[in-house]
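A.B. asks: Those sequence lines, one after another, are chains A and B. Just so you know, we're using my numbering here: the first sequence kicks off at 270 and counts up by one. Just so you know, we're using my numbering here: the second sequence kicks off at 419 and counts up by one.
Calculated directly from the structure, the hints in this document are not laboratory data. A few of these clues could be false.
Said to hold, decoys possible - The list that follows gives simulated cross-link-like pairs (lysine-lysine, DSS-like), each with its CA atoms no further than 30 Å apart: (1) B:Lys476 to A:Lys792; (2) B:Lys424 to B:Lys476; (3) A:Lys780 to B:Lys476; (4) A:Lys522 to A:Lys495.
As the list claims (entries may be wrong) - Partner residues are not named here, just some residues of chain B that face chain A (Cβ under 7 Å, in silico): (5) Thr453; (6) Lys465; (7) Met499; (8) Ile587; (9) Trp601.
To be verified - Sample of chain A residues lacking proximity to chain B, with all beta carbon distances greater than 10 Å (derived): (10) Asp514; (11) Ala747; (12) Ile797.
On a predicted model such as this, the values are computed, not experimentally measured, just so you know. In this text, a Cβ means the ideal position worked out from N, Cα and C, and glycines have one as well.
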Amino acid sequence: MIFNFSMKTFEFSLNTGRSQARKRLGRFGRLRGGRFYDWIVWAALVSSIWRAAPSSAGLTSDENLAPPATSSFEGSSFDIFDFEGPKMKDLYYVIMRDMDAQLLAMSTGKLDVLSDLYRPADVERLARSGAAELSLASTFHGFFITFNVREFPWDQVTLRQAASQVVDRRRWTRDLFSGYCEPLASFLPPISPYYDPLETAGPPGVGSSNVDLSNAGLSSVEAARKRLADAGWTWDLAGWLVAPDGRPAPLTKILCPPSSVAATTTEIAQLMAEALLSLGVPAEAEPIDFQTMLARVDAHDFDACTNAWTMSRDPDVLYSFYHSSMDVAGGYNLSGISDPELDRVLRDLRYAPDEATARVMASRAQRLLSELSPVIPLYSRYSISATRNDWDGVFTTDRSTSDNMMTLVSMTPKDGKERPIYWNIPEEIRTLNPLVSSTAYDWTVLGTIYDTLISVNPYTFEDMPWLAESWSIEPGDAGSVLTFTLRPGLKWQDGRPLTAEDVAFSLRYIKDNNVPRFYDSVKDVESIEVAEDRRTLRVFMGNTSYWHLHNIGGMLVLPQHILETVSDWRTWQPTNRPHEALDGTVLTELIGTGPFTFRESRTGEYVHMTRNEHYMLLRPQNSKGSKETEETKEARP
Amino acid sequence: MNALIKRVAGSLVVLVVVLVLNFFLFRVMPGDPLTGVMDPRFSPEAKQQLAVQWGLDKPLTEQFLVYIREMLSFRFGLSMMTGIPVWDELKSRVPNTVALLLPALLLSAALGLWLGVKAALKRGSKVERLVLLSGAVSFSFPSFFVQLLLLLCFAYVWPIFPLRGTSSIPPPEGPAALLDYLWHLTLPLFSLVILSFGGWALYIRNMMVKALGEDYVLMARARGLPHRRVVWNHAFRSILPPVLTIFLLSLPGVVSGAVITETVFSLHGAGRFLLEATNSHDYPSAGAAFFLLALLTVFCNLLADLIYVLVDPRVRRESAR
Chain A
270 MIFNFSMKTF
280 EFSLNTGRSQ
290 ARKRLGRFGR
300 LRGGRFYDWI
310 VWAALVSSIW
320 RAAPSSAGLT
330 SDENLAPPAT
340 SSFEGSSFDI
350 FDFEGPKMKD
360 LYYVIMRDMD
370 AQLLAMSTGK
380 LDVLSDLYRP
390 ADVERLARSG
400 AAELSLASTF
410 HGFFITFNVR
420 EFPWDQVTLR
430 QAASQVVDRR
440 RWTRDLFSGY
450 CEPLASFLPP
460 ISPYYDPLET
470 AGPPGVGSSN
480 VDLSNAGLSS
490 VEAARKRLAD
500 AGWTWDLAGW
510 LVAPDGRPAP
520 LTKILCPPSS
530 VAATTTEIAQ
540 LMAEALLSLG
550 VPAEAEPIDF
560 QTMLARVDAH
570 DFDACTNAWT
580 MSRDPDVLYS
590 FYHSSMDVAG
600 GYNLSGISDP
610 ELDRVLRDLR
620 YAPDEATARV
630 MASRAQRLLS
640 ELSPVIPLYS
650 RYSISATRND
660 WDGVFTTDRS
670 TSDNMMTLVS
680 MTPKDGKERP
690 IYWNIPEEIR
700 TLNPLVSSTA
710 YDWTVLGTIY
720 DTLISVNPYT
730 FEDMPWLAES
740 WSIEPGDAGS
750 VLTFTLRPGL
760 KWQDGRPLTA
770 EDVAFSLRYI
780 KDNNVPRFYD
790 SVKDVESIEV
800 AEDRRTLRVF
810 MGNTSYWHLH
820 NIGGMLVLPQ
830 HILETVSDWR
840 TWQPTNRPHE
850 ALDGTVLTEL
860 IGTGPFTFRE
870 SRTGEYVHMT
880 RNEHYMLLRP
890 QNSKGSKETE
900 ETKEARP
Chain B
419 MNALIKRVAG
429 SLVVLVVVLV
439 LNFFLFRVMP
449 GDPLTGVMDP
459 RFSPEAKQQL
469 AVQWGLDKPL
479 TEQFLVYIRE
489 MLSFRFGLSM
499 MTGIPVWDEL
509 KSRVPNTVAL
519 LLPALLLSAA
529 LGLWLGVKAA
539 LKRGSKVERL
549 VLLSGAVSFS
559 FPSFFVQLLL
569 LLCFAYVWPI
579 FPLRGTSSIP
589 PPEGPAALLD
599 YLWHLTLPLF
609 SLVILSFGGW
619 ALYIRNMMVK
629 ALGEDYVLMA
639 RARGLPHRRV
649 VWNHAFRSIL
659 PPVLTIFLLS
669 LPGVVSGAVI
679 TETVFSLHGA
689 GRFLLEATNS
699 HDYPSAGAAF
709 FLLALLTVFC
719 NLLADLIYVL
729 VDPRVRRESA
739 R
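With the sequences and hints as input, model every part of the structure.
C.D. replies: Listed below in structure tokens is the structure:
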């Protein structure tokens with residue numbers, strides 16, 4: 270495709286001296302900037318690219334790969350009441366699938382916000398067009414090569430460490446993704462608050478540092494072969510690897526999706542096979558249908574496979590991936606790693622009573638995983654989004670691209686004229702039943718309707734007050750006891766007051782109905798108490814775990830007066846059921862507390878939403894310090 | 419009459435076989451609806467709850483009986499992907515697909531037929547060379563390329579048509595809504611006609627060239643019949659049965675959708691639904707879609723057989739005997 274974009278000159282105002290990034294960004298010319306958020310956007314871009322950009326020296330190993338420690342975050346004093354909004358009355362989620370069509374729409378103003386840019390050419394094309402400002406952030410995505418450690422030869426830890434040592438993440442990500450991915454050498458992504466660069470370093474040459482000082486002067490392949498030789502491995506006359514007990518290494522087939530489905534993944538599998546060949550391990554990529562691959566991995570019928578995960582800020586995902594109890598049908602311990610010490614640490618991580626213990630256990634788990642190397646982390650995707658540059662108020666941090674809630678709340682056209690926001694969704698909305706929907710695109714819409722008790726600070730990924738103004742977690746007789754206090758004066762989009770009764774009802778409803786999507790979050794809830802002030806809620810859990818705070822605090826809050834009328838949550842279609850607001854407006858049963866209220870969905874076309882006039886960040890509700898207004902006082906029972 | 423009854427009975431047997439295979443093939447295929455749920459926050463116990471929600475915890479025989487009941491009653495059950503009745507899903511998609519693909523099929527067949535006959539009649543001329551070239555180009559270009567090119571030209575450089583969908587945002591009301599709908603479908607329709615007329619033109623040209631060289635055409639000319647009558651009543655009529663067969667067997671494709679076109683133009687159609695239902699092992703949706711397609715294919719086949727009798731005297735006489 271040839272696009273007739275006019276080349277515009279960007280102004281680049283960055284006061285950092287990161288030459289790598291400058292080189293990289295030089296391809297875009299200079300960046301438009303000057304204001305605070307621009308600085309943040311491009312600082313994010315630079316800091317991320319700084320970690321990902323290939324060195325001009327053309328490094329072929331992962332030296333200097335370790336990202337900077339994540340101890341100095343900005344914005345820990347971030348306050349959502351610094352924002353006021355939503356500023357715009359109308360929001361349209363526009364369904365537009367084809368990436369080229371999306372770019373044309375961005376250029377012509379038919380779209381204002383575009384998420385999930387993933388093709389390097391598109392990023393550069395948009396940057397050159399001058400129509401949009403781009404933001405980039407690291408994500409919780411991780412791509413791995415997983416070995417079946419249940420069988421020879423991958424049950425041998427030395428071989429796994431050697432294999433980990435010969436991968437050239439930096440070159441692979443540079444060649445395959447033009448640097449728009451971050452080489453990953455850790456089991457938690459570096460963006461995770463629990464990522465520990467020191468513990469992830471692992472044994473010499475294996476972990477995130479990939480620096481083996483004891484083998485200085487050797488290439489990574491030579492060092493890996495030396496590691497094997499030191500452990501008693503030998504090579505036959507043809508150069509194939511032989512185990513210390515005399516067994517030759519059998520052919521390793523690396524399962525991957527076909528190139529027609531995921532070209533880069535197939536290519537990575539081939540590169541991995543070549544890397545194994547350099548060690549003398551017979552290996553080849555085996556592209557197969559994705560569902561067949563999943564079925565074979567589930568049945569443990571594989572040697573190695575490619576797989577990718579989107580993790581979360583909580584490190585207890587490591588339990589799901591590497592605890593031996595998860596090596597069951599439907600479990601996620603794909604490699605089948607089973608180590609008593611690792612199991613103990615992961616169990617202590619999952620059931621950590623407090624944040625400090627959790628942090629210690631997360632570090633220990635990362636150290637053990639670096640030593641055991643059940644999988645090889647390879648890369649992590651960036652999130653890249655674009656916002657048309659005729660909007661003000663776009664909010665980004667180095668951990669959050671512009672397609673976020675605060676942007677939605679605060680964006681205003683530069684010309685000051687009221688107009689709708691057109692926000693792209695690249696796939697059809699499947700369902701807007703919050704108890705059933707599971708795709709990220711459904712939740713893009715639902716996320717603007719429903720709120721949670723606590724949210725995540727976009728600068729630090731720490732907990733941040735949202736519907737709850739305060740909370741605590743304490744040990745109880747049977748398990749953790751969580752106490753949440755709601756902000757005063759909260760209202761549903763239909764004007765009715767939100768109380769702790771609603772929160773309690775939501776939790777009980779989801780638990781009593783075993784709603785699969787939220788099953789894990791509420792399964793340990795024993796009982797719930799609502800205080801007389803109807804703002805305080807105590808949740809008694811059946812066991813102790815710090816993560817209960819995030820599971821319960823991150824649950825969506827549904828209105829009791831709506832949920833009571835739902836006869837079957839599985840077939841509930843809230844958008845098809847009219848519901849009258851207190852002021853007489855006819856809405857639907859898709860009622861939350863978020864910044865925009867659902868109005869209409871034309872299947873496959875768009876979702877229309879309007880500003881929630883009761884939103885907590887709108888004046889007069891948004892009086893800093895959550896002061897109650899006369900109106901909100903009256904609304905309270 | 420006996421022949422007709424035999425054919426109808428044969429079609430029913432085919433439908434029963436399809437109905438049974440439709441159930442078991444999806445279950446035999448590697449993976450199941452739960453295999454695709456790869457989310458570390460979705461524990462094996464939560465997956466089990468999902469199996470209960472989808473009725474996958476029941477014995478296979480019970481699932482089969484439920485499936486047969488749903489298919490024969492045309493209720494089809496709930497989609498696993500959306501939780502919405504499959505019938506509602508199809509109702510919202512098939513009209514768009516038919517509104518796009520039926521005119522595209524008719525127009526491309528008509529254009530291809532006209533050009534094919536024209537080329538056959540003017541052998542060796544510039545007209546024939548042009549038809550052959552345009553037919554080959556149209557037939558061989560990848561659809562996404564042509565469609566993106568059209569979008570670039572007619573929705574971006576000269577913004578005559580919209581970039582996406584079947585309605586403006588917000589949509590107009592009243593009669594303007596229909597015009598808006600047609601305006602949105604014009605570019606996808608145009609692209610499909612461009613992409614498929616070539617196949618028709620080349621096919622009809624080849625058959626007409628052969629028919630025009632037959633003895634009965636020579637005889638018709640020798641009898642002094644008008645040129646138009648020789649071409650259409652003698653040569654063209656002889657190629658009509660296979661042309662009609664191809665046309666009728668193309669009709670199920672009008673319902674099954676065009677995945678790439680739906681993607682490029684962001685259309686809400688049946689093609690992507692079918693693809694996603696199959697990929698995600700959404701048994702009720704995929705089962706219903708394939709069953710309906712089989713039903714339509716069998717019906718079109720039956721219709722083709724009947725029309726053969728009408729347009730070909732030899733078949734008519736054979737059937738009568």
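A.B. asks: For a quick check of understanding: which of the numbered hints are violated here, in increasing order?
C.D. replies: 2, 9
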